[in-house]
Amino acid sequence: MKNLIRNTALATTMLLGIGAAHAEWPSDRPIEMIVAFAPGGGTDVMNRTLAPYIEKELGGKITILNRPGASGEIAYTALTQAKPDGYTLSSLNTPGYLTMQMDRKVRFDPKKLCLVARIVEDPGSFIVQANSPYNSLKDLVAFAKANPGKVTVGTTGLGTDEHLALLQLEKAAGVDLTPVTFNGANEARTALLGGHVTAIGINVGEFQSGDRSAFKSLGQFADQRSVIAQDLPTAKEQGFDVIMSSERGIAMGCDVPEAIRTKYSDAVKKALDNPEFQEKAKQQSLPLSYRSSEDWNKELPARAERLGEVWKLVKEQK
Amino acid sequence: MEFLDLLMLGFGEALNPTNLAFCLLGALLGTLIGVLPGIGPTATIAVLLPITFYLPPLAGIIMLSGIYYGAQYGGSTTAILVNLPGEASSVVTAIDGYKMAQNGKAGSALAVAALGSFFAGTVATFGIAIAGPTLSSFALSFGPAEYVALMLFGLLAATVLARGSVLKAIGMILFGLALGMVGIDAASGEERLTFSAIELFDGIDFVVIAIGVFGFTEIIENLENVEARGVLVRKLSRLWPTREDFRKAWPAVLRGTGVGTFLGILPGGGATLAAFCAYSLEKKVAKDPREFGNGAVQGVAGPEAANNAGAQSSFIPLLTLGIPSNNMMAMMLSAFIIHGITPGPTVLQTQPQIFWGLVASMWVGNLMLVVINLPLIGVWVKLLTVPYRLLYPAILLFCCVGVYSINNRIFDVVLAAGFGLLGYLFRKAKCEPGPLLLGFVLGPLLETNIRRALVISQGSPSVFVERPISLVLLIATAAMLVLMVLPSFRKTREEAFQEEEA
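Residue numbers (the numbering used here), protein chains in the order written: chain F, 1 to 318; chain E, 1 to 502.
Extracted from the complex, chain F is given alone in its bound form (with noise of 0.2 Å):
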């Protein structure tokens, strides 16, 4: 009786102690922040920018860790092995995200993995040298048409967004085009530059942040154009029928209780909304499209399964 007791005490206190932990989200300690690429990035530019304004709305502190590699691999491991305790998550990218599932066993389970909220979506482009003769995406294809493999088209590698757009776009052209690969956006800006290729792939956004002067756009790889791009044509919009975009968002072990990541969710749409972090974004052009974990849960399978298709058009080349 005696010990029934004590257990029973014991029990409620357990409980008392882990609802007064899940009260105090996330206020007894910072939450480790994951950051999958390396310092100076842009995925690592935005989250270090926006976290202080997450932080507003949480009322708890965010620390960034960046752990670097194999894609974002290394991150997404790390946080399936974390405790699902809120106080750990991950910045999480698509494609690459999806793409390392479909060559390859990887070394997290991803059904441990939800996605909390996304915070950009960021079309592909092609870019040209602004004396070009090309001015569109039809202006391009016209000449590869009529001269197969002779347009070069710089990527940053294998089965990247780049190269995937570059796939589509072949395939729905019927055209032959020659992927240069390079090691970042920034060697291929300085090759394009240089006149050593003809295109480049690279981010509407990421475009849109550097200096314009020497480049101009052929046409945007979205759905629809982009918040940041409203002038420039789509791709479908031109006539071929190429679509891929990154997108950057976070996410957290589905271990963790769904309050947790709703509320993190919240938290992110308000300091998204917040105009002082909104100036800060048109300054790193970031194309901010929120979605909630529910509705960006959603949409992912219909965007793995697209890109499964253009990954078949990988395999094929090789």
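Don't read these hints as lab results, they were simulated from the structure.
What you are looking at is a predicted structure, and each value in this text was computed from that prediction instead of being measured.
Beta carbons: idealized from backbone N, C-alpha and C, even for Gly.
Incorrect hints may appear among the rest.
Said to hold, decoys possible - Dumping the calculated SDA-like pairs for lysine to any residue here, alpha-carbon to alpha-carbon at most 25 Å: (1) F/K112 with E/F201; (2) F/K105 with E/F201; (3) F/K315 with E/I198; (4) E/K428 with E/L174; (5) F/K105 with E/L200; (6) F/K105 with E/V182; (7) F/K312 with E/G183; (8) F/K111 with F/L307; (9) F/K282 with E/P56; (10) F/K61 with E/P50; (11) F/K111 with F/D266; (12) F/K83 with E/F411; (13) E/K168 with E/A429; (14) F/K315 with E/L454; (15) F/K270 with E/P50; (16) F/K216 with F/L232; (17) F/K280 with E/Q351; (18) F/K282 with E/P345; (19) F/K280 with E/L48; (20) F/K315 with E/G183; (21) F/K105 with E/F411; (22) F/K263 with F/L288; (23) F/K150 with E/G189; (24) F/K216 with E/P133; (25) F/K150 with E/V455; (26) F/K61 with E/N407; (27) F/K315 with E/G459; (28) F/K150 with E/L471; (29) F/K83 with F/K112; (30) F/K111 with E/S196; (31) F/K111 with E/I198; (32) F/K105 with E/G189; (33) F/K150 with E/V463.
Stated by the list, open to error - Incomplete in silico selection of chain E near chain F, CB under 10 Å: (34) T42; (35) I45; (36) G143; (37) L333; (38) I338; (39) R452; (40) A453.
Chain E: place on chain F using the hints.
Chain E only, in chain F's frame:
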């Protein structure tokens, strides 16, 4: 006269008290992280970036640049004193600088490095101011084919880096090339030499190898010397360079400045080559190449001038074209953008105070660094008198922290320890790690550029000889190769380099 007006505008900005204070802060922070092995400027700037939100744009950017070139100064300090290069650019400084320290001339080596760096920084800064835009358009004419020729030239020059046999040097370069291949090949998506460890998917970080084969190896080797443990083998003679040192050093500084300024402008790997090339050049023009590797003052002066000049001139493509030439400059680009400034030709026209203010602050910062560093030399050298049992565990700790902080993972620390053991074996076999690191740095650049050049030319190798810059560089490489295999030259080279093996 417009140029002078703009320069005055720049100095006006740079000398206002706020900017001056942040310039000093940046330079001090940079020196500090440069001295601490493994903690690089890239990570530091990333962490400080959000703090600069609250500063005026120019002050923030001035501070971040100060960290960058301050780290170049600080990095050579550990290379000279304890044989621990934290960055690619100070690897060659360690070769002769550390020997000078062992000969009791640590103060002299540090002073030459500081003064050489200051001179080079001054020249390169004015180079940016006067010829920046012109130089950057020349740099753009370097396409894949030109890089291939440049890298070949650099690799061949690397055999000069080694003291022992040429064969061993070539072996080390090849080993470096193999290490450079580790990771996922971007063009084909295939894993190479990763042993399916995801930690190796992005290749091995330079700092991991450098700290392994230099830092850890040094510590292991010191355990062997029971009597003379530590760095201080010979008594400190003096802190200031002799007149003889100055006489030898200044032409080397001049040459290093030229090499560094030029190579620093080239986007993608140019700045890394600068120090290696300057060292090879000094060894080539020296009256007595036997001094090299045994504490030649030119072997410190040339590369130090080159890496500092390169650090300054790597700002040229960023400021004039908006294109960052390395990771560090990519970080600076983020810093600019966060402050609402988009570097490039437009900024030069619309916000001249930013460009000229930064250029002027670089010179001011370099001046501050010399003023800070010269009196500190005495302090640094005193560090060497700290007993082995305290100094080396501390170095070991900093090395581990530095390596861990690159990617925040323990895997890299273990890997560095492995390279430490490997480096120890190399030392026993009298194989130099310098050529290995050069092979490691240049190998991937060479490979990707060969593939790019051939993809663009649709498989026609004639692209390498059709382009004039590439052709000239290839001819120079061929001429050097012929010289090396000619019997008469080989004889002198053997005399020069085999000396200490006997």
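Cross-check of the supplied hints:
With a C-alpha separation of about 23 Å, the suggested pair F/K112 and E/F201 falls inside the 25 Å cut-off, and the hint holds. For a cut-off of 25 Å, the pair hint linking F/K105 to E/F201 stands: about 14 Å separates their Cα positions. Taking the CA atoms of F/K315 and E/I198, the gap is near 22 Å; set against the 25 Å cutoff, the hint holds. Annotation: proposed proximity of E/K428 to E/L174 holds, straight-line Cα distance about 19 Å (limit 25 Å).
Distance hint between F/K105 and E/L200 is fulfilled; the C-alpha atoms sit about 16 Å from each other, no more than 25 Å. The hinted pair formed by F/K105 and E/V182 meets the criterion: a straight-line CA distance of about 20 Å does not exceed 25 Å. Of the supplied pair hints, the one linking F/K312 and E/G183 holds, its CA atoms being roughly 24 Å apart against a limit of 25 Å. A threshold of 25 Å between alpha carbons decides the hint, and for F/K111 with F/L307 the separation of about 18 Å falls inside it, so the pair holds.
For a cut-off of 25 Å, the pair hint linking F/K282 to E/P56 stands: about 18 Å separates their Cα positions. At most 25 Å may separate the alpha-carbon atoms for a hinted pair to count; F/K61 and E/P50 meet this at roughly 15 Å. Only pairs whose Cα atoms come within 25 Å are accepted, and F/K111 paired with F/D266 is accepted, the gap being roughly 22 Å. Restraint check for F/K83 and E/F411: the C-alpha separation of about 21 Å stays at or below 25 Å, so the hint holds.
A distance of roughly 9 Å separates the Cα atoms of E/K168 and E/A429; the hinted pair therefore holds under the 25 Å criterion. Straight-line distance between C-alpha atoms of F/K315 and E/L454 comes to about 22 Å, which keeps the hinted pair within the 25 Å bound. Between F/K270 and E/P50, the direct Cα distance comes to roughly 20 Å. Compliance with the 25 Å bound is thereby established for this hinted pair. A C-alpha spacing of about 10 Å is found between F/K216 and F/L232, which places the hinted pair at or below 25 Å, so the restraint holds.
Distance restraint check for F/K280 and E/Q351: the Cα-Cα separation of roughly 20 Å lies within the 25 Å cut-off, and the hinted pair is therefore satisfied. Taking the CA atoms of F/K282 and E/P345, the gap is about 21 Å. The hint holds against a cut of 25 Å. A C-alpha spacing of about 17 Å is found between F/K280 and E/L48, which places the hinted pair at or below 25 Å, so the restraint holds. For the proposed pair F/K315 and E/G183, the alpha carbon gap of about 21 Å is at most 25 Å, so the pair holds.
Restraint check for F/K105 and E/F411: satisfied, since their Cα atoms lie roughly 21 Å apart, inside the 25 Å limit. For the hint linking F/K263 to F/L288, the alpha-carbon distance of about 20 Å falls within 25 Å, and the restraint holds. A C-alpha spacing of about 23 Å is found between F/K150 and E/G189, which places the hinted pair at or below 25 Å, so the restraint holds. For a cut-off of 25 Å, the pair hint linking F/K216 to E/P133 stands: about 21 Å separates their Cα positions.
Restraint check for F/K150 and E/V455: satisfied, since their Cα atoms lie roughly 10 Å apart, inside the 25 Å limit. Under the criterion of a C-alpha separation no larger than 25 Å, the hint pairing F/K61 with E/N407 is consistent with the structure, at around 22 Å. Between F/K315 and E/G459 the alpha-carbon distance is near 22 Å, which keeps this suggested pair within the 25 Å criterion. As the CA atoms of F/K150 and E/L471 are separated by approximately 23 Å, the hinted pair is consistent with the 25 Å bound.
For the hint pairing F/K83 with F/K112, the CA-to-CA distance comes to about 12 Å; that is within 25 Å, so the pair holds. For the proposed pair F/K111 and E/S196, the alpha carbon gap of about 22 Å is at most 25 Å, so the pair holds. At roughly 20 Å between alpha-carbon atoms, F/K111 and E/I198 fall within 25 Å of each other, so this suggested pair holds. Restraint check for F/K105 and E/G189: satisfied, since their Cα atoms lie roughly 15 Å apart, inside the 25 Å limit.
The suggested pairing of F/K150 with E/V463 holds, with an alpha-carbon distance near 15 Å, which does not exceed 25 Å. Interface restraint check for E/T42: the shortest CB-CB distance to chain F comes to about 7 Å, inside 10 Å, so the restraint holds. The beta carbon of E/I45 comes within 7 Å of a beta carbon in chain F, closer than 10 Å, and the hint placing it at the interface holds. For the restraint placing E/G143 at the interface with chain F, the shortest Cβ-Cβ distance is roughly 4 Å, inside the 10 Å limit, so the hint holds.
Nearest Cβ of chain F to the Cβ of E/L333: about 8 Å, under the 10 Å cut. The hint holds. Taken as an interface hint, E/I338 checks out: its beta carbon lies about 7 Å from the nearest beta carbon of chain F, inside 10 Å. Because the beta carbon of E/R452 sits about 5 Å from the nearest beta carbon in chain F, less than 10 Å, this interface hint is met. Among the interface hints, the one on E/A453 holds; its C-beta lies about 9 Å from the nearest C-beta in chain F, closer than the 10 Å criterion.
Taken one by one, the earlier hints all hold for this structure without exception.
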